[in-house]
Amino acid sequence: MGSIASYCGGLLCCSQLRSSNSRIVSGLSVLEQVDKELMKGDERAALSLVKDLQGKPGGLRCFGAARQVPQRLYSLDELKLNGIEAISLLSPVDATLGAIERNLQIAAILSGSAAWYALDLSPQQILFVSLGVLFLWTLDLVSFNGGVGTLVLDTIGHTFSQKYHSRVIQHEAGHFLIAYLLGILPKGYTLTSLDALKKEGSLNIQAGTAFVDFEFIEEVGK
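Under my numbering, the first residue of the sequence shown is numbered 5, with each subsequent residue one higher.
Since the hints were made in silico from the structure, they are not lab data.
For each residue, glycine too, the CB sits at the ideal point set by N, CA and C.
Certain hints may be false.
[Stated by the list, open to error] Label pairs and their calculated CB-CB ranges:
(1) Ala183 to Gly150: 25 to 35 Å
(2) Leu185 to Ser206: 24 to 34 Å
(3) Val73 to Gly136: 50 to 60 Å
(4) His175 to Gln128: 41 to 51 Å
(5) Ser115 to Glu204: 31 to 41 Å
Let's have the full structure, built from the sequences with the hints guiding it.
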């Protein structure tokens, strides 16, 4: 009798495992279909596919499962009573990239001084080099709105600062997850300025998440 119970229990486990695996495979196939529609640029078809299977077996799990909390305005006194500092609700100041920029400036000055002594440059040559650097910097500001400088700084930040790299990833993951839970379909993301330049051909973008938001745009346009 015990062996029969054990055998039945084994069959039940196998059945549950197969059921779980089939749901995973089904979910992956839906993701592949959604990706194909997005790659073709058919955002409506991709969103329709996801919403048709929402809450059904094989659909994307937890998509649109969260609900936005109704907005409520709090007074400063209410915040203080609840032990909340109002300043903590403001955008946090991140000094990581600023520190990297200052370190690069110091390194550039030290490198310039070392080159001056090593190459025995004349004051006239130093003036020409300084004017050349100033011209390139001005050209970037005027023509690309500082995009080239931002690209270089962001790339160095991701390469040499794990803190900056992790912060950007966590920030974009937050956008991605919140949108998914609220039922807004994410369609892509970039984590670096170099990624944005390769994918979008745009400068002055450090990181970002793109969404299928034509419904919102249509609603705002009414």
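Here's how the hints hold up against the structure:
Between Ala183 and Gly150 the beta carbons are some 29 Å apart, a value that agrees with the proposed interval 25 to 35 Å. Between Leu185 and Ser206 the beta carbons are some 28 Å apart, a value that agrees with the proposed interval 24 to 34 Å. The hint said 50 to 60 Å for the Cβ distance between Val73 and Gly136, and at roughly 55 Å that hint holds. Checking the proposed 41 to 51 Å range against His175 and Gln128 shows it holds: the Cβ atoms sit about 47 Å from each other.
A hinted range of 31 to 41 Å for the beta carbons of Ser115 and Glu204 is consistent with their spacing of about 33 Å.
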